[in-house]
Amino acid sequence: MRLIEATLSGFRNLAEARLSFSPGVNVFTGANGQGKTNLLEALNYPALGRSFRGARDEELIGFGADAARVVVEAETEGGTVESYEYGLERGGGRRLRVAGEPVPRKADLVGRLATVVYDPQTVTLVRGAPDGRRRYLDQGLCGLDHAYFVELQAYNRALKQKTSLLRDAAAGGRGRAGLRDDLRAWSDEMALHAAPLIRDRARYARELGPVAQDVLAGFTGRSATLEIVYAPGLEIAEKEAPAADLTREISSLLDYIGEAEIRRGRCLAGPHADDLALSLDGVDLRTFGSQGETRSVAIALKLAQGELVFRRRRIRPILFFDDIFSELDQERARRLQEATAQMHQVFIATARADDVAGWRPRDARRWAVEAGRITEAP
Amino acid sequence: MDHSAPATRHAARAREGGEFQSPSLERLVRALSRLPGLGRKSATRIALDLLREDAASPHELAESLAEARANVRHCGRCGAITEADPCAICTSPSREPHQLCVVASPVDVLPFEKAGFYRGRYFVLGRLLSPLDGVRAEDLPFARLAARVEQDGIGEMILALDASVEGEATSLYIQRMFSGRDLRLSRLATGIPVGGALAYTDEATLHRAFQFRRDF
Ligand SMILES: [Zn+2]
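Chains as they are written, first to last, in my numbering: chain A, 1 to 378; chain B, 1001 to 1216.
These aren't lab readings, by the way, just hints derived from the structure by calculation.
There could be a bad hint or two in this list.
Chain A regions said to be covered by chain B (calculated; three or more residues, Cβ under 8 angstroms) [as the list claims (entries may be wrong)]:
| no. | segment |
| --- | --- |
| 1 | 153 to 166 |
| 2 | 169 to 180 |
From the derived model, a few chain A residues whose C-beta atoms are all more than 10 angstroms from chain B [claimed, not checked]:
| no. | residue |
| --- | --- |
| 3 | R18 |
| 4 | T124 |
| 5 | W186 |
| 6 | H193 |
| 7 | A217 |
| 8 | E240 |
| 9 | G258 |
| 10 | E331 |
| 11 | G372 |
Since this is a predicted model, take the numbers as computed values, not measurements.
Ideal Cβ placement from N, Cα and C applies to all residues, glycine included.
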């Protein structure tokens, strides 16, 4: 998959621009705060229907502009060209179109424009709290299978309902009469959607391990054993059991803790408390990883996610690297550049021209970004 | 739920230049805007439409409203909308008395009746479990449902609830309620889009979902 061109207006600090991209490497250099990351954010927006930095739509509209409008032309593996168009207005108005057709719900975008983003925040994937690793799992799986996304949404809704039931009961608003039966229905409903999530996450983690290990060895030049183990919040015996069996097992696990949940007034277990255990040569990276290892593994995890998209869907995702090479030594940076550029269209934003100096990949294009102006370098 | 509504409405009125100079029109607009889903703007549009000289007689509208209010009721047995209680479906000798289709709302009976393949009877729950909206099992007519199953010797119950999280949870509640009983319990097969409301499902899809209904 690749981006062919983009037209932008009113997006953050970026001046109006029309850009044509290289099918290979695209490099944007400029000091911090000039707009490099904003550009990656604008180009990647259609992949998720939101900013990868977690910004609200309104923050994406430039100062003094009424609206942000962006059109991105992308070519799929099959050679068809699709336009992704979005307009964000002050006051919350939003228009999204793919190939001219309105897309009313973000859900309909999921998995269409395949991208992988690496930015400085990505280190927290290894180092930070479990929710970052759950988000990583969910992002990866939503990009592979739309059914996963549907299940995840249903699970989250059921979780919200059950949480509300428990919270209200704990607050004493309603009597305890019949509460246990209400709770059973919601635990059953959670189990129904937890089962496919657990099964898919277990399988994904199993496939991810060896791929991420290869990627890591590829750019660090050092072979090490990277272990990725799915650590579900529920103690499930056979995580990849048939859906009906798994649902029943989860139902009875949840039923078992029902009384405790009523006492505590909240949901105590389920896929919303899952984690991934990450270890390098037997050392738990979540707590004992060195800074260099943590960074390298975070990069490997992201690239492995892209590789799995390719294995499952035969789509090479577009890679967005925001300030990635400054965190690596030159040798590793160079290997990473070579390896990714062979397979993917790559967008690189960097503050240090040195990071990519001397690297001359075939048909690369380079731009300078200064105060929101994007000018192509000769 | 929406605490800002009165303030918003007030702001809208201010923008539109305040209240009408006609107190009668003002009263009509206010009455209409109390209807669910109607803001002052739509209420005003409807009011002005009703007042057009070529519009149908206002007495016709007022009379039909009063008549409907006096005659329309929920069937005491199944909960469907009817004028005769019990309703024609509940009393019809040609309907299979041991088959019961459980739906969420009275309008969900309509697509089944329109399609015509279903020959059993109904039970309308009125709402679905939803703690977020303060709805718990004790707010649903489950006791009446259990009594109905007992009295009519129901042999098959088809749960035709929306394909939403709330519809599923309600189905699961009923399933636990009747588990271990000598009762065939099934729910509509998928085919109804996830999150899809039954009332908006086309006949062909509904028929297919019914034919391939799945036992719990
Ligand atoms: Zn009836």
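A quick look at each hint next to the structure:
1. 153 to 166: Our answer is that it holds, as 8 residues pass the Cβ test (under 8 angstroms) against chain B, meeting three.
2. 169 to 180: holds (count 4)
3. R18: holds, 39 angstroms
4. T124: holds, 31 angstroms
5. W186: Nearest chain B Cβ is 6 angstroms from A:W186, so the label is violated.
6. H193: At roughly 8 angstroms from the nearest Cβ of chain B, A:H193 sits no farther out than 10 angstroms, so the non-interface label is violated.
7. A217: Since the minimum Cβ distance to chain B is about 42 angstroms, A:A217 lies beyond 10 angstroms and the statement holds.
8. E240: holds, 22 angstroms
9. G258: It holds; A:G258 is separated from chain B by about 13 angstroms at its closest Cβ, greater than 10 angstroms.
10. E331: At about 50 angstroms from chain B, A:E331 clears the 10 angstroms cut-off, so the statement holds.
11. G372: Given that every Cβ of chain B is farther than 10 angstroms from that of A:G372, nearest at about 36 angstroms, it holds.
Violated hints for the displayed structure, listed by number in ascending order: 5 and 6.
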